[in-house]
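Q: Residues per chain are reported as follows:
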Amino acid sequence: MTITSAPSTPAGAAPRSLLPAVSIQGASKAFKLHHRQYHTLKERALHPFQARTFDLLQAVDNVSVDIAAGEFFGIIGRNGSGKSTLLKCLAGIYDIDAGKMDVRGRLSPFIELGVGFNLDLTARDNVILNALVLGLTRKEAKARFDSIIAFAELEDFLDMRLKNYSSGMSVRLAFSVAIQVDADVLLIDEVLAVGDASFQQKCFDEFQRLKKEGRTILFVTHDMGAIQRFCDRAMLLEKGRMVAIGDPAEVAHRYNELNFGRTVHEPTEGEREGDRRADRRDADVVDAWFEDAAGARIAAIGHREALAVGLQVRFNAALDDPSFGVTIRNEAGATVFATTTEWSFGPTGHFAPGEVATVKVRLENWFTPSSYSVTASIARAGLGSDTIDLRTDLATVVIHGGRFTTGVVDLPHAFEIERR
Amino acid sequence: MSAGDSAPARRYGPSAFGDDLRRFVSLTYTLASTDFKLTYFNSILGYFWSLMRPLLFFGVLYFVFTNIFHVGSGVHDYSVELLLAIILWTFFLQATSGSVQSMLGREGLLRKMRFPRLVVPLAVTLTALFQLTTNLVPIFVLALASGVTPTLAWLELIPVIALLAILASGIGMLLSVLYVRARDIQPIWDVISQLLFYASPIIYPVFYYNHSTTSYAAKGCVFNSTRDQYLNVYGQVCKASSAPVGDNLHLHFIGHFLMVNPVAALIAQARHALVGGPLGANPSANFALGGWEYVMIPVGIIAVVFALGVVVFHHEAPRISENL
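Protein sequence lines correspond, in order, to chains A and B.
Residues 1 to 420 (our numbering) make up the first sequence, in order.
Residues 421 to 744 (our numbering) make up the second sequence, in order.
FYI, nobody ran anything at the bench for these hints, they're computed from the structure.
Quick caveat: nothing in here was measured; it's all calculated off a predicted structure.
By construction, the Cβ of each residue, glycine as well, lies at the ideal position given by its N, Cα and C atoms.
Keep in mind that the hints are not guaranteed to be accurate.
Incomplete in silico selection of chain B near chain A, CB under 8 Å [unchecked claim]: (1) S446; (2) R473; (3) M533; (4) R603; (5) D604; (6) H735; (7) R739.
Now the in silico label distances, taken between C-beta atoms and shown as ranges [said to hold, decoys possible]: (8) A:T40 with B:L441: 35 to 41 Å; (9) B:G567 with A:D146: 52 to 58 Å; (10) A:T40 with B:V480: 30 to 36 Å.
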């Protein structure tokens with residue numbers, strides 16, 4: 001599936017040139033994975049034939065995309081999907097095997113920040129050296145030195161050797177250098193996982209400012225929240241191929257499906273661990289699913305979008321007021337929510353043998369982004385302990401969007417602050 | 421990989437040369453000068469430590485070859501010549517051996533930034549060149565102290581050092597890029613450089629074949645094949661010999677063969693330029709090889725090694741960061 005949509009023009013963006021800032025056409029990159037890698041001539045001489053066998057890992061496979069100047073472009077994908085390799089090819093660190101890549105203007109990579117410094121040199125020397133490597137002239141590097149140090153908030157540690165820096169400090173320094181080189185195109189590879197919260201916020205503010213100035217930003221991350229907050233457009237890579245491109249929310253949705261969607265519509269046959277099935281099966285849980293407001297079965301849905309859980313039960317014998325139960329568990333297996341008709345509905349009535357009942361539970365979707373599964377059960381009337389059939393994890397839904405809080409739910413809430 | 425067509429867009433693969441000569445030069449210079457500064461200002465004795473190694477080596481060799489083996493005792497300026505040869509050799513060794521692991525040393529930069537890859541080994545040679553410049557000071561001091569008169573011929577040292585630097589950077593390019601593929605380049609080069617050391621007239625004098633007198637000579641000693649007598653240039657009898665002409669032919673071959681080695685030819689020429697001396701005492705490369713047409717052999721080797729270095733490096737450059 002490919003979702004294509006024109007990039008939305010952000011308000012206040014600089015006028016764009018007709019030429020794309022970054023143009024990738026049919027780019028492919030493979031790595032040879034030798035079955036036995038020989039690192040010395042001696043080994044090669046001793047094993048002249050074995051050394052030739054290798055697997056080809058197609059890290060980037062025929063990816064084409066044009067990124068307009070001023071666009072904030074997200075690249076997402078699972079681990080090993082080729083996003084970092086693509087970025088490194090763009091950064092001019094790896095050469096591509098096939099295709100074409102063009103980057104217009106100065107490029108600044110935010111890749112593996114914190115490495116590349118000479119630990120024996122002071123921050124001062126390292127800044128100049130890094131700025132030169134990034135393409136500044138010595139004069140430009142010196143002129144920008146103060147603002148680089150100011151942004152990194154390292155004024156007091158200028159003449160300290162880098163080996164005495166904490167890792168956070170050197171990352172901050174690297175980030176400052178990369179952001180101050182006045183690049184037209186910024187390649188950002190999951191750098192925001194580092195640094196403390198205030199520095200992260202500062203980085204995002206800086207990206208926003210650069211974006212307003214018409215700079216092009218390519219952003220690799222696992223944080224779907226950030227993708228939806230910042231990006232104009234996003235691309236999803238899977239096994240080196242581009243599987244989706246377009247609206248960040250939709251691409252993020254696809255990403256969640258790829259990640260969690262594997263378990264969506266598994267057949268109900270076969271028992272799972274945790275299933276409790278009575279010997280005298282007067283009723284069977286046939287199916288359970290998540291659905292949206294329109295009643296369509298879904299594998300993923302946005303945070304706060306109307307959600308319902310459905311279950312289907314087939315009766316083999318006559319039953320009076322059986323209790324239908326639904327339990328929702330998160331990825332960690334913790335029960336986030338549980339309900340039964342016993343508790344919140346009341347008597348369900350009489351069911352005849354052969355009858356099939358479909359039960360729906362509409363609920364407010366306050367779940368935080370993660371994967372959730374539904375366990376459905378049918379029990380005899382009473383205290384609910386006399387389970388006839390209980391089927392665990394029949395369906396899974398991925399909640400995306402929303403904020404990444406540390407809680408399992410993001411309840412509607414309001415603060416009040418009183419001071420005296 | 422043509423750097424930058426008419427369009428403003430560039431091909432974004434890593435390359436040996438990059439597409440901006442100014443940046444190339446400034447990067448090489450910066451990497452070299454920061455490395456140089458590190459060795460010089462990182463310890464209290466900085467400059468002296470970096471001189472210590474060649475000077476200690478010189479001291480030991482000087483003692484051994486003047487007091488024990490007497491190779492240099494009859495030679496007036498043996499100390500100057502020995503020191504000059506050692507310091508030139510130190511430069512060559514530092515530039516080449518330092519290049520072997522240079523890519524590994526710059527791994528951090530190579531894996532995250534786009535810059536011309538050739539900068540890495542060239543910076544090593546340039547650092548060694550900076551060091552050589554400072555190391556020349558004690559040579560001139562020693563030369564003047566030993567009564568060598570400064571002449572215009574001293575300027576010949578400049579092209580000699582330039583050629584040595586070209587040779588060293590050519591070898592450096594090859595070694596740095598081959599090391600990425602084969603880690604045993606390190607011990608291999610250790611052995612080869614040892615061989616080169618003994619194959620070059622550093623601790624021993626220059627052998628040469630004198631066409632005009634058909635006499636074979638070792639530096640300081642002229643020996644006439646017809647008289648089978650070894651004389652040093654000061655007229656003293658070095659060693660009487662009854663060796664047949666065949667042995668001298670053997671020496672003839674070795675003398676020629678050793679001079680084909682560009683390091684040997686350059687060191688011979690440097691000695692000739694700095695010390696000069698009576699005819700035959702410090703033969704020029706031209707004299708030792710027996711004519712300009714023969715001088716073209718070591719010069720040609722330098723050109724071939726450098727060209728090979730450039731070609732191999734250019735070919736390997738795009739894949740250095742992934743093969744490391």
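Q: Could you tell me which of the numbered hints above are not met by this structure, giving the numbers in increasing order?
A: 2, 6
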